[in-house]
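Undergrad: Listed here are the chains, written in short residue letters.
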Amino acid sequence: MTIDYLLLIIDKTNKPMNIKLKIWRQKNAKSKGKFVNYSLDDVSPEMSFLEMLDALNTKLIEEGGDPVAFDHDCREGICGCCSLYINGHPHGPGEKTTTCELHIRSFKDGQTIVVEPWRAKSFPVIKDLIVDRNAFDKIIAAGGFISVDTGSAPEANSILAKKEHADEAFDSASCIGCGACVAACKNASAMLFVSAKISQLALLPQGKVEAMERVEAMVAKMDELGFGNCTNTYACEAECPKGIKITNIARMNRHFIGAKIGSQIKQ
Amino acid sequence: MTKLNAKIPEGPLPEKWSKYKSSMKLVNPANKKKLDIILVGTGLAGAAAASSLGELGYNVKVFCFQDTPRRAHSVAAQGGINAAKNYKNDGDSVYRLFYDMIKGGDYRAREANVYRAAEVSNATIDQLTAQGVPFAREYGGTLDNRSFGGVQVSRTFYAKGQTGQQCLLGAYSGLSRQVKNGTVKMYSRCEMLELVIIDGKARGIITRNLVTGEIERHSGHAVVLATGGYGTIYYLSTLAVNSNASAAWTAYKKGAFWGNPSFVQIHPSSIPVLNDYQSKLTLMSESLRNDGRVWVPKKKGDKRPANDIPEEERDYYLERKYPAFGNLVPRDVGSRAAKERCDAGYGVGDTGLSVYLDFKDAINKQGKKAIENKYGNLFEMYEKITGINPYEEPMRIYPAGHYTMGGLWVDYELMTTIPGLFAIGESNFSDHGANRLGASSLMQCAGDGNFIIPNTIGNYMADEIKTPKIPTDTPEFDEAEKAVKLKIEKLFSVNGKQTVTSFHKRLGKILWDYSGMTRNEEGLKKGLFLIDELEKEFWKDVKVPGTADELNQELEKAGRVADFFELAKLMITDGLSRRESCGAHFREESQTETGEAKRDDDNYSYISVWEYKGKDEPPELHKEELNYKYVEVKIRDYK
Ligand SMILES: Cc1cc2nc3c(=O)[nH]c(=O)nc-3n(C[C@H](O)[C@H](O)[C@H](O)COP(=O)(O)OP(=O)(O)OC[C@H]3O[C@@H](n4cnc5c(N)ncnc54)[C@H](O)[C@@H]3O)c2cc1C
Ligand code: SF4
Ligand code: FES
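Protein chains in written order, with numbering that gives the first Met the number 0: chain Z, 0 to 266; chain V, 0 to 638.
Rather than coming from a laboratory, the hints here were simulated on the basis of the structure. Watch out, some of these pointers could steer you wrong.
[Stated by the list, open to error] Restricting the straight-line Cα-Cα distance to at most 27 angstroms, the calculated cross-link-like pairs of lysine-lysine (DSSO-like) are:
#1 V:468 - V:489
#2 Z:58 - V:489
#3 Z:29 - V:556
[What the hints assert, rightly or not] Chain Z is nowhere near these chain V residues, computed Cβ spacing over 10 angstroms in every case:
#4 69
#5 138
#6 171
#7 239
#8 634
Just so we're clear, the structure is a prediction, and the values are computed from it rather than from any experiment. Ideal Cβ positions, reconstructed from N, Cα and C, are used throughout, including at glycine.
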């Protein structure tokens, strides 16, 4: 019997756990929030973190209380809705894991878990654990696209892209727009998110045409919306659930400087 | 007789769409600026439509209930998107894609619509590529393809296991560009709760701002629904958990007919139900069956770990039963085969309700790296959820509710039976008959949004250029707003003891048991009865906490579940009326000696189209007869 298999058997014993929760409750954007303590028994280690919150909410509703509001939709790590700051980490302790992919088996019996919303000036709290991430849409609308009207696209294989570039573009494009990078950063910088989009498009031949204008417009919007600067702490990369690399920021800075210098040369 | 007119253009099949486009009415650019469109939904269908309609110059108001359009459920599509490019030189063509979809749908879809879906597929790939979608590529820089279930060519474009995410982000970037250009105005966290009809035409919607609870009015010269599917009616499904049918359902109750409500695709490979607090079933993409082999032990109740079961004691039942298609049989066939093995006692895992999907041979042959390249994120997802490493042990999978072929009935122009109300993407019933082939939904969604609706809506709008802006202070808007407020009040006023979710779970269980992978007369009737009882209990004992004028997720869910009860009854009514098996609709009374679906073309070669007749009246069935002129109707055989 391999060790892995032994671990599985231990896991399968599935002993119910007690979980102590300290959750940020805030009625709406205007009111002041506070932590409230809850205790849950009979939590199965097989539950996902959100299923544990579902169980808490069922209990709260049945007792006549107000359930905890949190964002979620796909519950499989792809939509970017879920956004909980758990025990000091965006998306909790797991590496490259979204909140919805986190399972109770990552915690200990009797452990206290502190749950907060993303904290950043540009992401105001709406209610409890839900924040407003509309700023990200605004940054994309500033230039995170290729200007191609429907119907005017050339035959797909007439645009050749080196496989390694396409693969790298894919890696950058796998950002789910969750905002954990902002929540992780002491400056609340959105550089990782913005640079991922800029890199994706700049790495592909079809995106190169507007690369300079794009970087200028998106960075300007990011600054305007009050996101902080990057001081190279790498917290964003460490907490990003999709493994978006800090090298994207380096690429963005290179393009940005290129765009600034380039704009001084008038043909 | 029937009120249905599918408006299929005259002429030979391959020429219908070009003929339509060359004879349709047009709206000049100056007039487009004066016309308003309400577009609900920002999945691949909605986002593609938003950008295309915005580019044309219409004023488009776009709505979604998530916090941003980029999170629409399309983001979760994994495996790929089809097109008839024939890049592999393996004999593909528009006709063959059309044929595969008609056959895959078990001859229950409309030829003209399906042909057009296949026809515009190539332009979709061009468009998405130009928008920067990082599709997988070959070393020479061209696009790569893989193969999907139910077909014998490789026509599926993909971006690892995240094709939906990448396609949606492409369309979302187009939408965002129009936001910048001022043609599209985006309303996120804003849910449509009613449709407004004035003088017989769709003219607006009533929404609830999900942050403040405000009830708002929005008007337009036309309304487009791109609100997705309702597989979540089973509670456990592969869909994002907030997906729902309410927007389409209010349209149904206002006079839009519903096509084939009982046609639901149960996908063969999802991570199985592991416990009773589970909230979601995660799909393991069909693309995995390109390399994974499905098996169960040959011995009943064999509890040995998978890796301890020797090769000769494994039953690769799909390869055994369907040698021509093997592991890549279509979904309905694959799901029933898994159910058959498990029901017969050969299933694996604690519950006996799962089968193995094994990559051992593929890893031995191609190396772990190659498999990781193709499916890395899916393997990771599997391990995160189950704690089991699928590179070392086979995955365990079981069928799960996945896709609704049924939906709002639309004509060739994608217009419902309400003039000015269009339905695109999964929300309509249009292209997949009784069973959808893999990777053809993204294809349909993008095609509907990018290439079809921008044309057909113009044909309608051409007659609206003299209609001034639609005012919202009319009795029709008052009435619709009142209805919304009444429903909300009614939900709070029950003030019972049970949570909305507990009702949803019970509804899902009834539907799964009696109107799931297989159905029979007695079971369907029992299901109908049980749902009726449960619905009554809901309205007596549901608890909706909080108030209407705040962010209230329980209230959102309650409204959706209330509609699900009604839709569930229509699904069962439809299933009862169709006493044949076809595609995903498997009536036990109608099967061949080997247990395959047995169609009854003499009596059921039609689309079931249901008309709402009022709260306490049974709905009325209309039949759109299907006449196949370009394919020979055959017994669907994958052996
Ligand atoms: C796990 C999974 C994997 C899949 N993989 C594939 C695949 O590989 N290939 C493929 O072709 N297909 C796949 N499918 C199917 C495909 O993803 C869907 O059919 C398709 O994405 C549906 O897109 P849509 O645009 O119609 O709707 P959706 O993407 O579901 O979007 C619905 C939109 O409507 C909005 N909405 C709904 N109701 C309201 C309301 N009342 N008010 C306001 N807004 C509302 C939502 O906010 C959302 O924006 C998969 C499906 C699942 C579940
Ligand atoms: S870069 Fe990472 S952390 Fe930031 S939004 Fe994207 S996925 Fe989330
Ligand atoms: S809920 Fe979609 S990523 Fe977590």
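Undergrad: Confirm or reject: residue 171 of chain V is not an interface residue toward chain Z, with every Cβ-Cβ distance exceeding 10 angstroms.
TA: violated, 7 angstroms
Undergrad: Evaluate the condition: distance from the CB of residue 138 of chain V to the nearest CB of chain Z exceeds 10 angstroms.
TA: The claim is violated: residue 138 of chain V sits with its nearest Cβ about 5 angstroms from chain Z, within 10 angstroms.
Undergrad: Checking one constraint from the list: CA of residue 58 of chain Z to CA of residue 489 of chain V, max 27 angstroms. Satisfied?
TA: holds, 23 angstroms
Undergrad: Verify that the Cβ of residue 634 of chain V lies farther than 10 angstroms from every Cβ atom of chain Z, and report whether the claim holds or is violated.
TA: The claim stands: residue 634 of chain V keeps its Cβ more than 10 angstroms from every Cβ of chain Z (closest is about 37 angstroms).
Undergrad: Would the pair residue 468 of chain V and residue 489 of chain V pass a check requiring their Cα atoms to be no farther apart than 27 angstroms?
TA: violated, 33 angstroms
Undergrad: Please settle this one: residue 69 of chain V was flagged as non-interface, so is its CB more than 10 angstroms from every CB on chain Z?
TA: About 6 angstroms separates residue 69 of chain V from the closest Cβ of chain Z, which leaves it inside 10 angstroms; violated.
Undergrad: Holds or violated: are the alpha carbons of residue 29 of chain Z and residue 556 of chain V at most 27 angstroms from each other?
TA: Between residue 29 of chain Z and residue 556 of chain V the Cα gap is close to 25 angstroms, so the pair holds against 27 angstroms.
Undergrad: According to the definition I'm using, a residue is off the interface if its beta carbon is farther than 10 angstroms from all beta carbons of the partner; does residue 239 of chain V meet that for chain Z?
TA: violated, 4 angstroms
Hint check: violations occur at hints 1, 4, 5, 6 and 7; the rest are consistent with the structure.
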